[in-house]
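Undergrad: Read off the chains here:
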Amino acid sequence: MWKFQKDLIQVKDYYESQEDYFQSVSMHLMKREYVRASFFESLMQRERNYPTGLQLEETCVAIPHTDSKHIIKEFIHITTLNKGLKFHRMDEPGEEIEVSIIFLLGMTSGDSQIETLSKMMNLLQNKLIIDEIKHSPDTGEIIEALNHYWNNTSIAQSTLF
Amino acid sequence: MKRIKVLICCGSGIATSKHVAQKVGEILSETGIEAAIDTCSISELSDKQAEYDILLTTAKSDFTFQRHVINAVPFLTGINAEQVRKELLEEIGKKQNI
Numbered sequence: 000m001w002k003f004q005k006d007l008i009q010v011k012d013y014y015e016s017q018e019d020y021f022q023s024v025s026m027h028l029m030k031r032e033y034v035r036a037s038f039f040e041s042l043m044q045r046e047r048n049y050p051t052g053l054q055l056e057e058t059c060v061a062i063p064h065t066d067s068k069h070i071i072k073e074f075i076h077i078t079t080l081n082k083g084l085k086f087h088r089m090d091e092p093g094e095e096i097e098v099s100i101i102f103l104l105g106m107t108s109g110d111s112q113i114e115t116l117s118k119m120m121n122l123l124q125n126k127l128i129i130d131e132i133k134h135s136p137d138t139g140e141i142i143e144a145l146n147h148y149w150n151n152t153s154i155a156q157s158t159l160f
Numbered sequence: 000m001k002r003i004k005v006l007i008c009c010g011s012g013i014a015t016s017k018h019v020a021q022k023v024g025e026i027l028s029e030t031g032i033e034a035a036i037d038t039c040s041i042s043e044l045s046d047k048q049a050e051y052d053i054l055l056t057t058a059k060s061d062f063t064f065q066r067h068v069i070n071a072v073p074f075l076t077g078i079n080a081e082q083v084r085k086e087l088l089e090e091i092g093k094k095q096n097i
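Taken in order, these protein sequences are the chains called D and W.
Note that the first sequence ends on residue 160 in numbering that gives the first Met the number 0; no numbers are left out.
Note that the second sequence ends on residue 97 in numbering that gives the first Met the number 0; no numbers are left out.
Just chain D, same shape as in the assembly (with noise of 0.2 Å):
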């Protein structure tokens, strides 16, 4: 069963640039041994290339992620911010947007992590759990949001189409 970890949540950050978080959040997941040393560099470039800014209905959250060989083991790591940080769009990446939540996934590749994957997408879509995240101030509080979210939600629940 996926549980979220409370050292992998950041709560009400604030961070100058897109590199200044994927720097601070590389070292991070490094010192843990989450990610190899190339993490950074990959997911710098995967971002820049194929941006992961997504507009929901009333927030605005990224998805940052990369190849899977980069990873040593799965997480999913939150940050919530008190400044909005600039990405670019995923379906229009010339157009910027001020981002409040980053959900940076750490996909380890096979088939057996899409459920895991899949929850969590369609947590994007939940505006009382993405209300919660954005608006705790600490870390315990999104946790148990998550938690209950994650057991008491099968996929076909979460779907809302």
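Don't read these hints as lab results, they were simulated from the structure.
A hint or two may mislead.
Derived, one-sided and incomplete: chain W residues facing chain D with beta-carbon distance under 10 Å [as the list claims (entries may be wrong)]:
#, residue
1, Ala-14
2, Lys-17
3, Lys-22
4, Ala-58
5, Asn-70
6, Thr-76
Beta carbons are placed, not taken as given, at the ideal position from N, Cα and C, and that holds for glycine.
Use these hints to put chain W onto chain D, whose structure you have.
TA: What follows is chain W alone, placed relative to chain D:
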């Protein structure tokens, strides 16, 4: 009826395309359409596209296609997802009648 071949691509071929594949699979099984669904990265799209009836992508491609490519980002955000669902079923309808 012809078995439809669907190709879904994204920047990496590992994340959003797999999720969209799941969504498309649900839609097609609800509507009783038989299909084979594959995923790939956008860099593989130009080589592979000719083998498929329906193309969806979450990433914007610089490659200009002489054919219709469905924008699948609404399946990630939920915004306009219903329209894209209709678009998908319409495109499949056209292929089935060929």
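Undergrad: If a hint holds in the structure, say so; if it does not, say that too.
TA: To see whether the hints hold, each was checked on the structure:
1. Ala-14: Since chain D brings a Cβ to about 5 Å from W/Ala-14, closer than 10 Å, the hint holds.
2. Lys-17: holds (5 Å)
3. Lys-22: Interface hint status for W/Lys-22: holds (7 Å vs cutoff 10 Å).
4. Ala-58: holds (5 Å)
5. Asn-70: At about 6 Å, which falls below the 10 Å cut-off, the nearest Cβ of chain D leaves the hint on W/Asn-70 intact, so it holds.
6. Thr-76: holds (5 Å)
Of the numbered hints listed earlier, not one is contradicted by the structure.
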